[in-house]
Amino acid sequence: MFAPFMTDTWITASIVAVIAALVGFFVVLRGAAFTAHAVPNAAFAGAAGASLVGVSSLAGLGVFSVGGALLIGLLSRKGRHDAVTALIVAFMLGLGALFLSWSTEYAPEIYSLLFGEVLGISANDVGLTAILALACLVVLAASYRPLMLSSTLPEVAEARGISSLRIDLLFLTLLALAATMAVPVVGALLMFSLMVGPPAAARAVTKHPAPAMTLAVVLALVTVWIAIAASYQTNWPIGFFVGVGSAAWYLVARVSAALFHL
Amino acid sequence: MPGFLQAVFEPGFFASGPVHAALLTGAVVALISGAVGVFTVLRSQSFAGHSLADLGTLGGSGAFLFGIGPLWGFISAGIAVGGAMDLAGSERRSARDVSTGIVLGAVLGLSALLLYFDTTSSSTTGVTITVLFGSLFAISGYTLPATVSFAVLGLGLLTLLYRPLLLSSVSPDLAAARGVRIRLLGLIFMITMGITVALASLIVGTILSPALLIGPAATALRLTRRPMAAMAIAGALGTVATWLGVLLAYDSYHWPPVGNGWPVSFFVITLIFAAYLGSGVRFRRAAQATRRTPHEVIEAV
Amino acid sequence: MTGTSNEIAPRGPENVLALDEVSIRLGGRQVLDQVSFALAAGEFTGLIGSNGAGKTTLLRIVMGLRAADAGTVRVGGKPLTRRARGVGYVPQKIQIEPDAPLRARDLIALGLDGEKLGPRLPSRQRRATVEQMLDAVDATRFADERVGTLSGGEQQRILIAHALIGRPRLLLMDEPLANLDLRSGQEIVELTSRVARDQSVAVLLSAHDINPLLPVMDKVVYLAEGRAACGTTDQVVRSEVLSGLYRHPVSVLRVDGRILVVAGSTVTADTLPADTSPANGERANGEPLAVQA
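Residue numbers (our numbering), protein chains in the order written: chain V, 1 to 262; chain C, 1 to 301; chain E, 1 to 293.
Hints were generated in silico from the structure; no laboratory data involved. The beta-carbon is built from N, C-alpha and C at its ideal position, and this holds for glycine as well. Hints are supplied without guarantee of correctness; some may be wrong.
To be verified - Simulated coverage check for chain E against chain C, where a stretch passes if three residues somewhere in it have a Cβ under 8 Å from a Cβ of chain C: (1) 61-74; (2) 211-221.
Claimed, not checked - Derived lysine to aspartate or glutamate pairs resembling EDC-like cross-links, with alpha carbons at most 20 Å apart: (3) 93(E) with 181(E); (4) 93(E) with 187(E); (5) 116(E) with 173(C); (6) 93(E) with 175(E); (7) 93(E) with 21(E); (8) 78(E) with 21(E); (9) 78(E) with 43(E); (10) 207(V) with 97(C); (11) 93(E) with 97(C).
Pulled out of the complex, with its shape left as it was, chain V reads as follows (with noise of 0.2 Å):
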């Protein structure tokens, strides 16, 4: 599994694992579960539209995905989740389902984008991905405080001059970056436990952010690093391993938390 042309699936992997756990940290610190689960949706659509056009998967994703995120993100804003924003998740889902049944690859490409595919990244892709997410984490570490104030007190950061607006839209196109590189690998209904399995392991066992971050980019690489392997080995698709280990990571979390009283 280490031959030359999983290279690129490694690198990519765990490139997404990265950036997943650090957007899904904050996911899990605003509770933003509903918005986590839409934003992949959407990107599955601006996948399914790329492949079909033929343009490079990233870019499509990357313009569905973010437009998709603040449009469905400041919907919600609200705080009640209106029917809107159901609708829009599961228009986009048909829309995918849509752009896919043009295509001659069907049934095998919604399978893909939906649960996950161990080649999914072509190799101009990798370039493209690394530059994403390097963006993201330059990004991240120079917003890091006001995020993090805003997340966890938003009306003391109002007060300080940190407008809570710009710090969603901030956070959702972070998300929609995230989702743009990880709905072909992992999938789009498997990228919220990817996203929020490791990060919510991570804060059932510490409560301070810095080890919390650590941890959650820890669980979330051998996650993804155990999917490939073993979904190279058994042909059985990533996104079970993705789901399952999340859940897994999960379940020890809170068991031993509760066990040595953390």
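Go by the hints and put chains C and E onto chain V.
Below, chains C and E alone, put in the same frame as chain V:
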């Protein structure tokens, strides 16, 4: 005129057996979905619909391994999970939070595995599509009478329990004070919701079934204040969306790419979405006409 | 310590509600301790006590939603069954979404037949009855609005109408004033008193502040530390009586016609509970004292 009609209804539409089955199934499922959807929104249990749908994915994927149709997988999951969820005491306002999401993620992962087995073990391709995006044109055998029976059963239950269900949805205390057995009622409703989500999954697939449950209901709620009327409107909207969806999907065989046909579920969901957006215009106008504008409403609450 | 009860209202079959030594223990605490009192037809009674004093528990027991550990409850002379017939209930608040499809008149109509199975056939008689109730609680102008969009006070009116449309003999209200501003609270108290008098309904209204009820109350049941004292305001809301309930010095102050209950005493050790047992419970002016020790 005949030329126009022929353009709208491609030849063979009214004679086609699968089309008949699709129209009938679509109608009964839309009716029960609308009625149950209104109550789901009333009881703020939309999240339960999503959970039921995801678990239905597991049921549907598993059913194929045993060589039985997806409906039975959906239904078993719906009844079992619906009952379990109620017994586990799912809270009324529990949002789709992290723990539930992670558990459901594992369920979806497991479904992915089962679907993989389905596609490799049998020669049936398109299992993924059938389970996730529906199979309205593939209704055959016992599925049609079974679906109709379940839908009629569900509608019968709702008619019988209409008043106590309405009262207990508004205030469990008020209902309990009148001797209504609210725990039993809640359990029956959850199971009914499980059955409804299963039926909806047959038409538009598990991923989109929550939209069929909530979409027409949410639209109906903007158009009327009466409970009965809301259920009727939701059912009617769902039926129209489904029938138009069937028609457009049939016609789309002649649209590019020719010979393929666009997915029914796409049409149904898009029409439901469009109906909701369209109702927004009327809703805002109507709200301005009465003494309560949307802003006053928020403040009053 | 058991005390003999010395009720103001005579025990008799005409009592709409009669509690006899009702006790219940919850979460390690004796929430109600041998509570006894009776309400006669048409009486407006305030159930006063601070938060956590057991008011809601008592109401739920009377409604049949919870079983007491000991004691009996009689509604209209008959022991309580699973469903208390002839009892109307107004909860403190209901949780309902603003867009929920239920008009005010729909909720009121459910007060007639909300527990019946099967479809409801349209009935002119029912429509007329609902209109009457809407008029009685002055809610006609928002009869067709969604319940979820009504203000707190408007919702209370609808809930009162819902409770009274079945012509109960007893109306239970759980802290209706808790979430209302002063003016709305006053309106609700006056409205309830008026409608209850029109329909000869006995009212048991729980509150933590006695003052809004002073104009309309016939009797008060004061609940503290699980123990209850029942009588008129002048009889019950006195430093000695309340100190006896709390087993702690309590002073009752009257300012401007309002009542203020504060901890701490202007009462000396000589006038604490031992002196107010029923055996020598006559006051200097001959008024009997009704107290549970």
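Going down the list of hints, with the structure as the test:
Under a criterion of three residues with beta carbons nearer than 8 Å to beta carbons of chain C, the stated coverage of the region 61-74 of chain E is upheld, 3 such residues being counted. Counting residues of the region 211-221 of chain E whose beta carbon lies closer than 8 Å to any beta carbon of chain C gives 0, which falls below the threshold of three, so the coverage claim is violated. Between residue 93(E) and residue 181(E) the alpha-carbon distance is near 14 Å, which keeps this suggested pair within the 20 Å criterion. Distance hint between residue 93(E) and residue 187(E) is fulfilled; the C-alpha atoms sit about 17 Å from each other, no more than 20 Å.
Restraint check: the Cα-Cα separation between residue 116(E) and residue 173(C) comes to about 16 Å, which is no more than 20 Å; the hinted pair holds. For a cut-off of 20 Å, the pair hint linking residue 93(E) to residue 175(E) stands: about 9 Å separates their Cα positions. A hinted pair counts as satisfied when its Cα atoms are at most 20 Å apart, and residue 93(E) with residue 21(E) does not qualify at roughly 29 Å. For a cut-off of 20 Å, the pair hint linking residue 78(E) to residue 21(E) stands: about 16 Å separates their Cα positions.
Distance restraint check for residue 78(E) and residue 43(E): the Cα-Cα separation of roughly 19 Å lies within the 20 Å cut-off, and the hinted pair is therefore satisfied. With a CA separation close to 19 Å, the supplied pair residue 207(V) and residue 97(C) stays within the 20 Å bound. Between the alpha carbons of residue 93(E) and residue 97(C) the distance comes to roughly 26 Å, so the proposed pair goes past 20 Å and is violated.
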